[in-house]
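Asker: Chain A is fixed; fit chain B onto it per the hints.
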Amino acid sequence: MSRPGNRRPECHKINRDLFVLTYGALVAQLCKDYEKDEDVNNYLDKMGYGIGIRLVEDFLARSCVKKCHSYSEIADLIAQVAFKMYLGITPSVTRNESSRNEFSLILDKNPLVEFVEELPAGRSSLCYCNLLCGVIRGALEMIHLTADVTFLQDRLKGDKVTEIGITFLKKLEEKKCRRKK
Amino acid sequence: MAIFSVYVVNKAGGLIYQLDNYAPRAEAEKTFSYPLDLLLKLHDERVLVAFGQRDGIRVGHAVLSINGVDVNGKYTADGKEVLEYLGNAANYPVSIRFGRPRLTSNEKLMLASMFHSLFAIGSQLSPELGSSGIEMLETDTFKLHCFQTLTGIKFVVLADPRQGGIDSLLRKIYEIYSDFALKNPFYSLEMPIRCELFDQNLKLALEVAEKAGTFGPGS
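Sequence order for the protein chains is A and B. Letter by letter, the first sequence follows residues 167 to 347 in the working numbering. Letter by letter, the second sequence follows residues 2 to 220 in the working numbering.
Warning: the hint list may mix true and false statements.
Stated by the list, open to error - In silico contact screen, one side only, chain A against chain B (beta carbon under 10 Å); selected entries: (1) Arg220; (2) Leu221; (3) Glu223; (4) Phe225; (5) Leu226; (6) Lys232; (7) Cys234; (8) His235; (9) Met308; (10) Ile309; (11) His310; (12) Arg321.
Since the hints were derived computationally from the structure, they do not count as laboratory data. The structure presented is a predicted model; accordingly, all values stated were derived computationally and were not measured. All residues carry an ideal CB built from backbone N, CA and C; glycine is no exception.
Chain A on its own, in the form it takes in the complex:
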């Protein structure tokens, strides 16, 4: 018998614009702080990682998902349940035919870039939503899976769609968590 996901009794709704603006302010400040695009991208990824390692428990606690047994199940879960729960969108999942471990999430709507048209001049390799990559990477690491998550295509850079690529790497050994002596 399946259980419905637990809902918090008081579901605080905050204004979505506030969230989008906060994210925008974060990226803008990082751009002021760091000259190089790679640095900004790295920091966004690190921040996302810190969020991902905590968010995954919230996701698991509220969505009551069972243990996944294949990478495609995981990719589907991320797209259909996790993205829906946190961003309200459902990206579509495509799988790279040549490799068993590569998947892509195609986002046709991205709430984070609602107010951004294009990247400013001189910031052409900035990945505006790199935080999302870090979140996915951090979340996967907590369930003992390492993955490379990057933006393969970005509408802000002129591509047709926004595509996040997830490449699953070696499964982390659970025994690695040894007690610190």
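Answerer: Chain B alone, transformed into the frame defined by chain A:
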């Protein structure tokens, strides 16, 4: 109180949170004259009653204080050995307080790591592949329920055997952990949880579970 304690164990087997929810301990203080009709023995650095149960003093109770002065393990506060002191007729009449011994935090840490190892052994011993670890341990006085998340954190609840609804309590504790411990930006992962909000909400959840539990759906 039907739910006795809650333990949270991190991925490496270390205890990161512990809450005791016992009813006030039954303690008995009596004056004795020589010779003592209770049989006392030393066990695990404590002086326990081995035989001679009477008047609220039960087997297994520890000597908590002598003549009003707290006892420190097997020594009195002034450094004398308890058994020696009580063997000497000159010290009588003496007033001794007995009660259930409390686990020290070191002992709790050790027990949590032991449980972590047993849990791992349990899942490996399974005749079926991919078995979960120990979910429940039952004794005549309590039931231990354990829930391991997909990320490796274990939530352990010790409750009365008749208490129901522990499964949903464990899930609720997971939610409270993800809300008040993890979302606190100053809490580092895998470290002992020292968040007021976590404590408060956990106690609330235990109260709710106790009220609803025994008449609620079985776990």
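Asker: Check the structure against each numbered hint from earlier and tell me which ones fail, lowest number first.
Answerer: Hint 12 contradicted; others consistent.
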